[in-house]
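Asks: Take the sequences, apply the hints, and build the full model.
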Amino acid sequence: MSEFLQQLINGLSLGAIYALIALGYTMVYGVLRFINFAHSDVFMVGAFIGYYVGRALPLGTVWGGLVSMAAAMAGCAVLGIVIERLVYRPLRGGPTLNVLITAIGMSLFLEYSGQLVFGATPRAFPQIFPSKVMEFHGLIISMNQVIVIVVASVLLLGLEFTVFRTKIGTAMRAVALNPGAAQLVGINIDVVISFTFGLGSALAGAGGVLYALNYPSIDPLMGVVPGLKAFVAAVLGGVGNIPGAALGAMILGMVETFVDGSRWSTYKDAIAFTILIGILLFRPAGLLGRMTSEKV
Amino acid sequence: MNTIRISRTISALAAAAALAASAQDTIPIGEYACLTGKEASLGTSSHQGTLLAVETINAQGGVLGRKLELITEDTQSKPGESGTCVRKLIAREHVVAILGEVASSRSLEAAPICQAARIPMISPGSTNPKVTETGNYIFRVCFIDPFQGPVMAKFALDRLKSRRVAIFSSSTSAYSVGLAKYFKAAFIAGGGQVVAEPKYAEGDKDFNAQLTAIRAAGADAIFSPGYYNEGALIVKQARNLGITVPVFGGDSWEAQDLIDLGGPAIEGAYLCSHYSVDDPSPRVRQFVAAYEGRFGGAVPDSNASLGYDSALVLADAIRRAGTTEHAALRDAIASTRDFDAVTGRITINEKRDASKKAVIVQVRDGRFQFVESVSP
Chain A
1 MSEFLQQLIN
11 GLSLGAIYAL
21 IALGYTMVYG
31 VLRFINFAHS
41 DVFMVGAFIG
51 YYVGRALPLG
61 TVWGGLVSMA
71 AAMAGCAVLG
81 IVIERLVYRP
91 LRGGPTLNVL
101 ITAIGMSLFL
111 EYSGQLVFGA
121 TPRAFPQIFP
131 SKVMEFHGLI
141 ISMNQVIVIV
151 VASVLLLGLE
161 FTVFRTKIGT
171 AMRAVALNPG
181 AAQLVGINID
191 VVISFTFGLG
201 SALAGAGGVL
211 YALNYPSIDP
221 LMGVVPGLKA
231 FVAAVLGGVG
241 NIPGAALGAM
251 ILGMVETFVD
261 GSRWSTYKDA
271 IAFTILIGIL
281 LFRPAGLLGR
291 MTSEKV
Chain B
1001 MNTIRISRTI
1011 SALAAAAALA
1021 ASAQDTIPIG
1031 EYACLTGKEA
1041 SLGTSSHQGT
1051 LLAVETINAQ
1061 GGVLGRKLEL
1071 ITEDTQSKPG
1081 ESGTCVRKLI
1091 AREHVVAILG
1101 EVASSRSLEA
1111 APICQAARIP
1121 MISPGSTNPK
1131 VTETGNYIFR
1141 VCFIDPFQGP
1151 VMAKFALDRL
1161 KSRRVAIFSS
1171 STSAYSVGLA
1181 KYFKAAFIAG
1191 GGQVVAEPKY
1201 AEGDKDFNAQ
1211 LTAIRAAGAD
1221 AIFSPGYYNE
1231 GALIVKQARN
1241 LGITVPVFGG
1251 DSWEAQDLID
1261 LGGPAIEGAY
1271 LCSHYSVDDP
1281 SPRVRQFVAA
1291 YEGRFGGAVP
1301 DSNASLGYDS
1311 ALVLADAIRR
1321 AGTTEHAALR
1331 DAIASTRDFD
1341 AVTGRITINE
1351 KRDASKKAVI
1361 VQVRDGRFQF
1371 VESVSP
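These protein sequence lines map, in sequence, to chains A and B.
Numbering follows the working numbering, with no gaps: position 295 of the first sequence is 295.
Take the position in the second sequence, starting the count at 1, then add 1000; the result is the number in the working numbering.
Since the hints were made in silico from the structure, they are not lab data.
We put the beta carbon where it would ideally sit given N, CA and C, even for glycine.
A portion of the hints provided could be inaccurate.
No farther apart than 35 Å at their CA atoms in a straight line, the calculated lysine-lysine pairs in the DSBU-like style are these [claimed, not checked]: (1) A/Lys132 to B/Lys1161; (2) B/Lys1130 to B/Lys1154; (3) B/Lys1205 to A/Lys132.
Covered by chain A, per the in silico footprint, the following chain B stretches (three or more residues, Cβ under 8 Å) [said to hold, decoys possible]: (4) 1151-1158; (5) 1187-1200; (6) 1208-1215; (7) 1306-1315; (8) 1361-1370.
Replies: Take a look at the structure:
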């Protein structure tokens, strides 16, 4: 029983990080209908911003950790907006495939620029938050896991509030529904899209810091695998659907954790992805995605 | 006009090529190593060791009256790169022999290419037996996993008094898979029991799930054959989960990064090594002093000493062969007997492996400290 609960906590903290990344994918898809493959590298940049800012501040303090995380979120938001402005906006209106391929190019650009700037050797991420291990009847929870789960929950609720309770959120939903009509009723599409990229990238930045905090070895290619998993989580939940992305990420985190903890850990990815394929066979639009027929 | 310019360029190129050929009084030696990426710490060490050896030999006048020229390619710790690196070294640089790699998976990639081109290859630190089984041009200067596995098993049984071990290995590295296999066989033969055998993949960062399973299985020690990057995170996460049993690894844990990444959690961990920097023998002291002098006080780890030895063995073979002709050079390397190297006396056996002692070290006070040495 205690092993089961322990794995539940492990899975929860892994899923929470996947969720933060998956949201960026799903938001951009919701508004622009394309997958921003550079998102996983914005996540990596977030971890590196956290690394540099975190080392400049006193380690092991709550405010130091929060400032590092805020810096990573702000830095990533700016990066996301700049990428959209310089790379994706000139291609808007063209075939989606062009933007998709450009996104892959942008991803490689960030990864290899990262190797040039930061070096390819992994670095030890500093303990920016206070570290503590708590024990309840054989159940062990580290402070880092608590921070990951709490911060991810707060950010998810904040996102939900932004999208459904604020003016800009309403504008985002309007653009997602029908960009042409949104423009006709006076919504500035450029601002909304920039905001979406900024918001998604800020979440990725927070995800990068939390990931690095839990698995403290960072390198310029660190975004590739979690980015792929988060993308899958977004598809599983129904791409374009915000609660769906969070749900998909939780399921993926849990499945991976429980397979890893079993005797079949060699086949972790195979089993996790088989389950995903199974779900998508029965719900092609994802768990919470709406079925829409393609307009011809 | 254009034609004339082109033909001029061609003749200039030809002249340059002729000049290069006449200036070729150096012996080109290829090296491929992971200087960047995940295992950069291992590759940088072996490269610096090799570089030091080449510089030392050249300072003493070179070999056969010619200086050695080391040409190094970076494999970036990535699968698929090693093949490209050695092809380039063979086809473009016309090297007489190749030194590398530390990681068995990457040596296994390059070995068939060297074998097919009949270019002798000496691996400094690949311990998987399959590497030299590739063919008669492939050698190594380190011990192999069928020796290292039982050494660690005996250490766990006798010294750690472990009876219920968990083996936490990587399913995607030839080194880890092989070492886990040989360790398991020897540990069970010695009366021990393997209570859990979870796996991870190279590049994984989250090991909590597997470690939770290990904790539930009630292991009294954890053996994790793999590389230092994952090793440091595994030990850290194990300690966070409240696992206090001894943790020990193989020779690929020996990197300063293990200590840097692992922090206080890694203190007390044991690992297998090829030599100890604390060894009082004059051969080792002289090497350590030279290395520290050349690389700004950096302490040479076992990969540095193996990289050094691989170049020494090659230079010795060229000297004995009296030529850099591939077949003669191969025969000379194969007949290396009782060669006095930093990591012990090297004899290349009929399987083209080096038979020599292993050392067990422990991380104490942020450095690798000698525990015991085990002879074959």
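Asks: For the stretch 1151-1158 of chain B, count the residues whose Cβ lies under 8 Å from any Cβ of chain A; is that count three or more?
Replies: Coverage by chain A is violated for the stretch 1151-1158 of chain B (0 residues, Cβ < 8 Å).
Asks: Within the stretch 1361-1370 of chain B, is the number of residues with a Cβ closer than 8 Å to a Cβ of chain A three or more?
Replies: violated (count 0)
Asks: Does A/Lys132 lie within 35 Å of B/Lys1205 when you go C-alpha to C-alpha?
Replies: holds (20 Å)
Asks: Is the straight-line distance between the alpha-carbon of B/Lys1130 and that of B/Lys1154 35 Å or less?
Replies: Holds. B/Lys1130 to B/Lys1154 sits at ~23 Å (cutoff 35 Å).
Asks: In terms of beta carbon proximity below 8 Å, does the stretch 1208-1215 of chain B have 3 or more residues touching chain A?
Replies: Check passed, 6 qualifying residues.
Asks: Mind taking a look at whether chain A covers the stretch 1187-1200 of chain B? Criterion is 3 or more residues with CB to CB distance under 8 Å.
Replies: Answer holds; 4 residues pass the 8 Å Cβ test.
Asks: When I compare C-beta atoms, does the stretch 1306-1315 of chain B have three or more residues closer than 8 Å to chain A?
Replies: Contact hint for the stretch 1306-1315 of chain B vs chain A: violated, 0 residues under 8 Å.
Asks: Given the proposed pairing of A/Lys132 with B/Lys1161, does the C-alpha separation stay at or below 35 Å?
Replies: Status holds; Cα separation ~31 Å.
Figure legend: structure checked against the earlier numbered hints; hints not met, in rising order: 4, 7, 8.
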